[in-house]
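Chemist: Sequence:
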Amino acid sequence: MAQSLVIVESPAKAKTIGKFLGKGYKIAASMGHVRDLPKSQLGVDIDNNYEPKYITIRGKGKLIDELKKEAKKCQKVYLATDPDREGEAISWHLATILGLNFNDECRIEFHEITKKALNEAIKNPRKINMNLVNAQQARRVLDRLVGYEISPILWKKVKWGLSAGRVQSVAVKLICEREQEINNFIPEEYWSITAKLKNKNKQFEAKFYGKANEKIELKNKEQVDEILNNLKDTEFKVVNVKKQEKKKSPMPPFTTSSLQQEAFKKLNFTTKKTMSIAQQLYEGIDIIGEGTVGLITYMRTDSVRVSEEAQREAKEYILNNFGKEYTSNTTKNYKTKGNVQDAHEAIRPTSVNRHPDNIKDSLTNDQYKLYNLIWNRFIASQMSEAVYDTTSVDITAGDYQFKATGSILKFNGYLSVYQQDEDEKEAKLPEININDVLSLINLDSKQHFTQPPARYTEATLVKVLEEKGIGRPSTYAPIISTILERGYVEKEKKYFIPTELGVIVTELLNENFKDIVDVEFTAEMEKKLDEIEEGQENWVEVVDSFFKPLKKQIELAENTIEKVSIEEKVEVTDIKCDKCGRNMVIKKSKYGKFLACPGYPECKNTKPILDELDVNCPLCGAKVVVRRSKKGKTFYGCSNYPKCNFVSWDKPTNEKCPKCGETLYEKNVKGEKKLVCINKNCK
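Numbering (this note's numbering), first residue to last: 1 to 683.
Worth double-checking, as some hints may not be accurate.
[What the hints assert, rightly or not] Calculated lysine to aspartate or glutamate pairs in the DMTMM-like style (CA-CA distance at most 25 Å, straight line):
| hint | residue 1 | residue 2 |
| --- | --- | --- |
| 1 | Lys548 | Asp45 |
| 2 | Lys514 | Glu524 |
| 3 | Lys369 | Asp650 |
| 4 | Lys19 | Glu290 |
| 5 | Lys587 | Asp574 |
| 6 | Lys157 | Asp143 |
| 7 | Lys273 | Glu467 |
| 8 | Lys127 | Glu531 |
| 9 | Lys156 | Asp518 |
| 10 | Lys156 | Glu507 |
| 11 | Lys266 | Glu492 |
| 12 | Lys494 | Glu179 |
| 13 | Lys651 | Asp614 |
| 14 | Lys446 | Asp394 |
| 15 | Lys491 | Glu177 |
| 16 | Lys115 | Asp357 |
| 17 | Lys551 | Asp45 |
| 18 | Lys410 | Glu385 |
| 19 | Lys115 | Asp286 |
| 20 | Lys157 | Glu490 |
[Said to hold, decoys possible] Pairwise CB distance ranges (calculated):
| hint | residue 1 | residue 2 | range |
| --- | --- | --- | --- |
| 21 | Lys579 | Asp45 | 44 to 54 Å |
| 22 | Lys593 | Ile678 | 27 to 37 Å |
| 23 | Asp45 | Lys159 | 27 to 37 Å |
| 24 | Lys62 | Val572 | 47 to 57 Å |
| 25 | Asp611 | Lys527 | 39 to 49 Å |
| 26 | Asn616 | Gln41 | 54 to 64 Å |
| 27 | Gln3 | His33 | 19 to 29 Å |
| 28 | Pro125 | Glu562 | 52 to 62 Å |
Simulated from the structure, these hints should not be mistaken for laboratory data. Model, not experiment: these values are computed from the prediction. Just so you know, even glycine gets a beta-carbon here, dropped at the ideal spot from N, CA and C.
All chains should be modelled from the sequences, with the hints used to inform the complete structure.
Modeler: Have a look at this one:
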């Protein structure tokens, strides 16, 4: 019989932990939360210190009975849920349900699923941290009060099914404000002048700067033409050359926010996808020859701290695989921004010796991509700086001044592993000395216009939420999913655009519940939650100070807000309904756009909107269309379905194999797109 029961959230995590702890332990999974507030009612007793009314989550009854039976069989119960507020709350709910003594040291905490980390955790159990539990409880109650008290007003005044959220509403407001900035933006004209010069038969470019060390802004063509006219037959002479060595430091290892941003930019992963894959890497992957092991540390963190042991291991790896010059002379201790609990480490590999390429066969393509990104970023963060030789040149031409800059990468350092977006390469300048007279090849003037601020992408929205202190690492992905599903924003080529509904709801909330959509107020509330976690604030008092003024606003709003009508814009297509002959229209659902018959409810015909390729079906010759599986994976099928049942995961082409005449398909082979023959007998 197992002497100890260890309860975690997921079966994947249980499998990995079971491998390390051995026979004396029974590992069980709670499958996430076991108790929550009821969906059918507010579930918070406002008149009794905001006491939450927790109930067993539907479908968890049998699981709880099994956990109780296992707990009775064992001498000791350990609660090993995730090391954050949410995990602490799950442990508290489990302890309550199982009847554990809250003075017992039953909670174990680890930030990576490795044998050493687990053994250390088992040796050092602690009591459940009620400050963490209360911080999570306060957030849950606050969100419930906002959602269940304000949402009904939106149902009555705007549209059924809408929701207001304490953090999601601020995110929508930011997107609406950015759209307003873009709409109100007035482009301003400006010009640039570039001189193409030659020195010792080597050409380079210099930019117009101004006059006598005073920068001149070029505003219009008349001003530019006057300068160009004055520059005719003028000698271009070098008056100053400044050479220096510039060092560029690597970025710190990933936090949740920076991982989401970089995975979006480099891998085109949504925040939701990034967190899902990171969870798999943390909980454990079955590695060929090694078994199931957690590959990364805990993925919900806003700390950039790295343990001394991980630093030593990284330094040794860099020394053995890159050389001494690539190891940093100083210990890399990155400073975490703001008021962050530094109990967690940054996101890093649990062992740098598991090189991504060595375990690639054990990972899915997406798992490999994300693990590779995390591994490279961490190794780079522990490496020496990149070194550039930079040159800046001041050139006079009559009364005017031009400037040229250039740099040469002298030592790549961390850049041998990880390239950052800002690692731009400047032009290389020829050998230039003071008093050199340069030959002018030509002068090029260009008109430009200032550009409006860019719309938010998932990456930039996460960045601004973090900068403004809105939400926490674990909330960014759910926030984005919610505002898309509710129809408050849409995505267009990766960019967020507010819908008419999103604008109307934001304006209504801004006029009647200003604090709910106020960035600074929401950020201050996040600080209050942190203070509850640190034991500096009472959670009931924090909730009370928030809800009492909100309740007055709700009572006023119910009587003063007028009903808002939203006219649904219908986009008519030239596609005929194959049941009644009407022209079908484009409708939207939380799954995206689709074709619907305007004759609803008499005719309920709907069709997916298909992206048609200029490729003929290999079976019947009709056009091939792009389809999506229930799990969202892209595949290719015949537009003549169901008459033709052609389907393929790989993209077919119109090209034929020169050897056997079969259709060639586009296939991803080791990261490269190649044309491959489908005939297994043809190589």
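Chemist: Does each hint hold? Answer for all of them.
Modeler: Verification of the supplied hints:
1. Taking the CA atoms of Lys548 and Asp45, the gap is near 14 Å; set against the 25 Å cutoff, the hint holds.
2. As the CA atoms of Lys514 and Glu524 are separated by approximately 14 Å, the hinted pair is consistent with the 25 Å bound.
3. For the hint linking Lys369 to Asp650, the alpha-carbon distance of about 20 Å falls within 25 Å, and the restraint holds.
4. Note on Lys19 and Glu290: the hinted pairing holds, with a Cα-Cα distance of about 11 Å set against a maximum of 25 Å.
5. Note on Lys587 and Asp574: the hinted pairing holds, with a Cα-Cα distance of about 14 Å set against a maximum of 25 Å.
6. Taking the CA atoms of Lys157 and Asp143, the gap is about 21 Å. The hint holds against a cut of 25 Å.
7. With a C-alpha separation of about 22 Å, the suggested pairing of Lys273 with Glu467 holds against the 25 Å cut-off.
8. For the hint linking Lys127 to Glu531, the alpha-carbon distance of about 20 Å falls within 25 Å, and the restraint holds.
9. At most 25 Å may separate the alpha-carbon atoms for a hinted pair to count; Lys156 and Asp518 meet this at roughly 23 Å.
10. With a C-alpha separation of about 16 Å, the suggested pair Lys156 and Glu507 falls inside the 25 Å cut-off, and the hint holds.
11. Using a Cα cut-off of 25 Å, the hinted pair Lys266 and Glu492 holds, with the two alpha carbons roughly 19 Å apart.
12. Between Lys494 and Glu179 the CA atoms are separated by roughly 15 Å; this keeps the pair inside 25 Å, and the hint holds.
13. Taking the CA atoms of Lys651 and Asp614, the gap is near 11 Å; set against the 25 Å cutoff, the hint holds.
14. A threshold of 25 Å between alpha carbons decides the hint, and for Lys446 with Asp394 the separation of about 21 Å falls inside it, so the pair holds.
15. A distance of roughly 16 Å separates the Cα atoms of Lys491 and Glu177; the hinted pair therefore holds under the 25 Å criterion.
16. Distance check on the hinted pair: Lys115 and Asp357 sit about 23 Å apart at the alpha-carbon level, within 25 Å; holds.
17. At roughly 14 Å between alpha-carbon atoms, Lys551 and Asp45 fall within 25 Å of each other, so this suggested pair holds.
18. Pair hint Lys410 plus Glu385 holds up; C-alpha atoms about 11 Å apart against a cutoff of 25 Å.
19. Between Lys115 and Asp286 the CA atoms are separated by roughly 15 Å; this keeps the pair inside 25 Å, and the hint holds.
20. This hinted pair checks out: Lys157 and Glu490 have alpha carbons roughly 22 Å apart, not beyond 25 Å.
21. In this structure the supplied range 44 to 54 Å holds for Lys579 paired with Asp45, their Cβ-Cβ distance being about 53 Å.
22. One distance hint, 27 to 37 Å for the beta-carbon pair Lys593 and Ile678, holds here, with the actual separation near 32 Å.
23. Between Asp45 and Lys159 the C-beta distance comes to about 30 Å, which sits within the given range of 27 to 37 Å.
24. The hinted range of 47 to 57 Å is satisfied by Lys62 and Val572, whose Cβ atoms lie roughly 51 Å apart.
25. Take Asp611 and Lys527: their Cβ atoms lie about 46 Å apart, and the range 39 to 49 Å holds.
26. With their beta carbons about 58 Å apart, Asn616 and Gln41 fall inside the hinted range of 54 to 64 Å.
27. Between Gln3 and His33, the C-beta spacing of about 27 Å keeps the proposed range 19 to 29 Å intact.
28. For Pro125 and Glu562, the Cβ-Cβ distance of about 58 Å falls inside the hinted range of 52 to 62 Å, so the restraint holds.
Checked against the numbered hints given earlier, the structure satisfies every one of them.
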